[in-house]
Amino acid sequence: MSIGHESGVWPSLGETLHVLTFQGGFNTSVVLVGVTLLGVAAGLVGTFAVLRRRALMSDTLSHATLPGITLAFIVAVMLGASGRSLPVLLAGAALSGILGVLTVQFISRHTRLPEDAAMGAVLSVFFGLGFVMLSYIQTMATGEQGGIGKFIYGQTATMGVTDATVIGIVALGTTLASLLLFKEFRLVCFDPDYATVLGWRISLIDLAMMALVVAVTVVGLRAVGLILVIALVVIPPAAARFWTERLWVMAVVAALLGGLSGYLGAAASALFPRFPAGGIIVLVAGFFFLLSLLFAPARGVLAAGFRQLRLRRDIASQHLLRGLFEAGEAGGGEVVPAAALRSRVHGPAARLALARLTWQGLIARRPDGLRLTPKGREEALRITRNHRLWEQFLMAYADLAPSHVDHSADLVEHVLSSDMVEELERQLKARGRLPRHAGPPPSPHPLASGA
Amino acid sequence: MPITLASFLQIDLPAMLAALLATVSCGLLGNFLVLRRQSLMGDAISHAVLPGIVLAFLFWGSRATWPMFFGAACAGVLAAVIIELVRRLGRLDSGTAMGVVFSVFFAGGVVLMEQAAAHAVDLDADCVLYGQLEDILWLAPTGLASLLEPAVWADMPREVTTLALTLAVVSAVVLLFYKELKLTSFDPELATTLGFPAGLFNVLLMVLVAAVAVAAFEAVGSILVIAMFICPAAAARLFTDRLGRQIWLSLGFAVVAALGGYLLAASAPLWAGVPSALAASGMIAVVAGALLGVAVLFAPRYGALARAMRLGELAEARERAAAEPLATNLSNR
Amino acid sequence: MSFLAGHSAEPSSPLSSRPEHRPGSPLAVHGLTVAYNKKPVLWDVEWDAPEGRLIAIVGPNGAGKSTLVKACLGLVPVVSGQVAFFGSSLRRSRRLVGYVPQRGSVDWDFPVSALEVVTMGRYGMLGWCRPVTRRHREAALACLDQVGMADYAGRQISQLSGGQQQRVFLARALAQEAQLYFMDEPFAGVDAATERAIVDVLKRLKENGRTVIVVHHDLQTVRDYFDEVLLLNMRVVAAGPVDEVFTIENLRKTYGARLALLEQASSALADLARVS
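Residue numbers (UniProt numbering), protein chains in the order written: chain B, 1 to 451; chain E, 1 to 333; chain R, 1 to 276.
Calculated from the structure, these hints are not laboratory results.
The beta-carbon is built from N, C-alpha and C at its ideal position, and this holds for glycine as well.
Please note that the accuracy of each hint is not assured.
FRET-style restraints, in silico, Cβ to Cβ [claimed, not checked]:
no., chain 1, residue 1, chain 2, residue 2, range
1, E, G252, R, R223, 53 to 59 Å
2, E, E316, R, G127, 50 to 56 Å
3, R, G74, B, R313, 29 to 35 Å
Examples of chain E residues lying across from chain B (beta carbon under 10 Å, computed) [as the list claims (entries may be wrong)]:
no., residue
4, D43
5, V86
6, V203
7, L263
8, I284
9, G289
10, L314
Using the sequences and the hints, build the whole thing.
Now the structure itself:
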C-alpha cells in the first residue's frame with residue numbers, strides 16, 4: 001500500500017482522490033475498507049461502553065494486551081513457528097487483555113482500593129511487563145521483532161490483505177452482536193438495578209459488552225496501536241452524544257463518525273506512510289469531537305450559547321413590555337417618556353430588545369417617548385397577567401408577603417410554559433383568586449409611579 | 001560485560017539514582033492521587049504531556065531541560081483544564097472526558113514526533129514511552145577516590161539533577177501544605193468552610209503531577225510513570241490506617257521497586273540467560289506491581305486473603321450460632 | 001447565572017422594600033433562592049437566626065433543609081439572594097462559623113485517626129502552612145473528651161461505630177471554637193448514648209452563648225431539645241420560638257401537599273441558570 005512519498009512532500013489532489021475512491025491499488029483499498037469497518041464497529045460497541053462508564057476500563061484493557069502479544073511471540077518462536085502469525089498474536093492479546101480486566105475486578109472487589117487505582121496499576125504494570133518481554137525479544141536472534149512495534153502505534157502502511165480481512169470479519173461480527181444485544185445493553189446502561197429485578201444477569205451482559213470491546217480493541221491494535229485504540233472506542237460515541245438524546249440515533253452517529261474517522265485516517269496514512277496511522281485516525285476522530293462539541297444543535301456549546309442569547313433578549317423584551325404596560329396602568333398615559341424608562345432600558349440586551357420590539361411593531365417610538373401598539377399591548381397584557389398570576393399563587397399557596405412576591409415572580413414569568421399557566425389558573429380558581437375578566441389581576445404591591 | 005567499580009559508577013549508579021528519585025517523587029504524590037480517587041488523572045496527564053514535550057523540542061531544536069519541562073507542564077495543565085471543560089460543557093462523565101482528551105493529546109504528540117524525527121534529531125517515540133534509563137551516563141568518576149572531587153559532581157547527568165530538584169520541590173510543597181492536603185483530601189467541604197479552597201489544592205496537585213510526570217518521563221517513560229504514581233501508594237494503603245505511616249511505607253516501596261527493578265533488569269544475563277540486560281524501566285514497573293500484588297493478596301488486615309479468612313470465620317460463627325439453639329432444643333426434647 | 005443575579009438586583013418596582021437586618025445577627029438570610037434540576041430547592045428564603053439559641057430546621061424530605069445550610073456556607077450555587085454572618089460576609093467570618101456535615105459526606109476509610117479528624121477543626125485558626133502544635137492537639141483531645149470519646153483518640157475512623165463517628169464530627173466542630181454552628185442531621189441513625197452526648201454538647205454551647213442551627217427530622221424531640229424552630233418546605237412556612245411557632249396548624253402547612261408548581265418553576269429556573 002506504499003505509494004512512496006518522500007517525507008514532507010504533499011500528495012497531489014489526484015492522488016488523494018485516487019486513494020479516497022478506492023483506486024489506490026488493491027491493497028490500499030482493502031485496508032481502507034477494513035479500517036472503516038473497524039471504526040463503525042468500535043463506534044457502535046463504544047456507545048454502550050461509554051454510557052456504562054467503561055471508557056477507561058477499555059483503556060486499561062488495551063494497554064494490558066502488550067504482555068500477551070509479546071508472550072505469544074516468544075512462545076511461537078520457541079516452538080519454531082513464525083512470531084508474525086497474526087491469529088496467534090491476537091489470541092495472546094485478547095487473553096492478557098481479559099486477564100487485566102479480571103485483575104482490576106478482583107482488586108476492587110476484594111480490597112479497599114478504589115477501582116481507578118486498580119485500573120491505573122494494572123494498566124501500567126501490564127504494560128511494563130510487556131515492555132520487559134519486548135526487550136527480551138530484542139535479544140532473540142529471530143529478525144522478526146520489528147513486527148511487534150506496529151502494535152504499539154499501529155501502522156496501516158504495512159497491513160496486508162489478511163490483516164484487513166481479519167479486521168473486517170471481526171468488525172462485522174461485533175456489529176451484528178451489538179445489534180442483537182441492543183435491548184439488553186440499553187437497559188443495563190440506563191438502569192442496572194431494574195435489569196436485576198427483571199431477572200437478568202448483569203454480570204453476564206457486562207461480560208458480553210467487555211468481550212465486544214476486547215474484540216474490537218484487539219483487531220484494532222494492528223491499525224491504531226494499543227495506546228490509541230481506546231480513542232476509537234471512546235471518541236466517536238462521546239461526539240455522537242452531542243447530536244441526539246436518543247440511544248439508537250447516538251449509536252448510528254457514533255458508528256458513522258467512527259467509520260468516517262477510520263476511512264479518512266487510513267487514507268491519510270496511505271498518503272503519508274511515514275506518520276503512524278493510529279495518531280492520524282485519532283486526530284481525525286478528535287476533530288469530529290471538537291466539531292460536535294461546538295456545533296451540534298442538540299447539546300453543542302454554540303447552540304447553548306445561542307439559546308442563552310435568545311433567552312436574554314426575550315427576558316429583556318418581556319421586561320420592557322411589562323414596564324410599559326404597568327406605566328400605563330399607573331396612570332402615566334399612552335406615551336411613556338423615555339426618561340421614565342431609563343431604569344429599564346439599559347445594557348446592550350435591553351437596547352437590542354427595544355430595537356427588535358420596534359421593528360416587530362409592538363412598540364412605537366414617539367418624539368416624546370414610547371407607546372405600545374395595539375399588538376404590543378396584547379402581548380404586554382399576556383406577560384403582565386402571567387406575572388400577576390404567579391404573584392397571586394405565591395401569596396395564596398406559599399404564604400409569601402405581598403412585598404416579596406414581585407421579586408420572586410420577576411424571574412418566573414419568563415419560564416412559565418402554557419401548561420404551567422393553565423395549572424396556575426386552575427389552582428387560583430380553586431381558591432377563588434382568579435380574576436373573572438381576561439385581563440391581569442391588579443398588582444398586590446404599589447407600582448413605581450411614572451415608570 | 002564484567003562489572004567494575006568504574007562501570008558501576010559511570011553506568012549503573014546514575015541510572016539507579018535517576019530511577020530512585022523518579023519513583024520516590026511519584027510515590028509521594030501518588031498517596032494523594034489514590035486517596036482522592038484521582039489515580040487516572042495521573043494517567044491522563046502523563047499521556048497528555050507528550051505534545052508539549054515534542055513542541056518544545058521542535059521549537060528550541062534541542063533537548064534542553066527547561067524548555068521541554070515548560071512545554072510539558074503547559075500541556076499537562078492544559079489537558080487537565082480541557083478535561084474539566086469538556087466534562088462540564090459536554091456534560092460527559094469524567095472517565096469519558098479523560099479518555100477523549102488524553103488520547104487526542106497523545107495522538108497529536110505521536111504525529112508531531114514523526115515530524116521531529118524527520119528533522120533527524122534524537123527524539124523518538126520509544127524513549128518517551130519507555131524512558132531511557134540505560135542512556136543516563138555519568139562519565140566523570142573513574143573510581144571511589146574521584147568521588148571526592150567537586151568537578152566530578154558538577155558533571156552529574158542532567159536527568160539526575162532535574163529529578164533531584166523535582167523531588168526537592170515536591171517534598172517541600174508536601175511538607176509545607178501537608179495539613180491542607182490532608183484536609184482537602186479527606187473533607188473538601190469542611191476545608192472550604194474553613195477557608196482552604198479545595199479547588200485550589202486540586203489545581204496545585206495537578207500542577208505537581210504534571211511536573212513530576214515530565215521530570216520522570218525521561219527516566220522511566222510516560223506510561224510507566226503511572227505505575228510509580230499508583231503502585232507504591234496503593235500497596236501502602238493496604239498495610240496501614242495512618243496517613244503519615246502510609247506515606248513513609250509508600251516511599252519505602254518506591255525505593256525497593258527502583259533498586260530491585262534496576263538490579264533485576266541489569267542482572268538478567270545471569271538469571272535469564274540473555275546476552276544483555278532487560279529493560280530496566282519496565283522491570284521497575286513489574287517489581288512495583290509485584291509489591292502491590294503481594295499487598296493485595298497477603299496484607300495482614302486488608303489483603304484479599306485476610307478478608308476471605310475473616311469472612312470465613314464470620315460465616316462459621318454464624319453457622320455455629322444458628323446451630324446451637326437447634327442443638328439445645330433437640331437435647332431438651 | 002450572573003445575569004439572573006444582575007437581573008434580580010434590579011426589581012421592577014423600586015417600592016418593594018425589604019426589612020432591614022440587625023447587624024449583629026449571627027445569620028441573616030435575605031431573598032435566598034436556590035434552584036437545581038430535580039433536587040431540593042429553596043424559594044426566596046428570608047430569615048434571621050436569633051443569637052444564643054438552639055434552632056431546629058424542620059420540614060419534610062426534599063424540603064431543602066440541607067440545601068439551606070449548604071447554600072449559607074457557599075457549598076452550593078445560589079440563584080439569587082444574600083447571606084450575612086454577624087453582619088458581614090462569610091469570607092470575613094469563617095472563623096466564627098462551624099459546620100457538622102452529614103456523616104455520609106466523607107470517605108470513612110481515609111487513613112486518619114479520630115484525634116486527627118478533630119484536630120482538623122483547628123486548621124482554620126492555624127492558617128496556611130503552619131503545622132499543628134501540641135497546644136492544638138491538646139485542645140482537640142479536650143473536645144474529644146467532651147463528647148466522651150477520649151478513649152478512642154487513636155482509633156482509625158473506619159473502626160468507629162456510626163454514633164461514635166458522629167461524635168467525632170461533633171468534637172471537630174467544638175474544636176473550631178465557633179460562635180455559630182450548623183449541624184446537618186446529627187441525630188440521624190445514632191445510638192442513645194450518642195444522642196445524649198449531642199444534647200449535652202448543645203446545652204453547653206448554649207450556655208456559652210453560641211448559636212446552633214440543627215437540621216432535624218424527629219418532630220417528637222423538637223420541643224425538648226430546641227428553643228427556636230424554622231419550618232421549611234421550599235419556602236419558609238414559619239419561624240420563631242418553639243412555643244409560638246411549633247403548632248399543629250403550621251406543621252400541617254409545612255408537611256401538607258407539595259407545591260408542584262413551585263417545583264416545576266424552580267426546575268425551569270435551574271435550566272435557565274444552567275444555560276447562562
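Quiz item: Against the structure shown, which of the earlier numbered hints fail to hold, in ascending order?
Solution: 6, 7, 10
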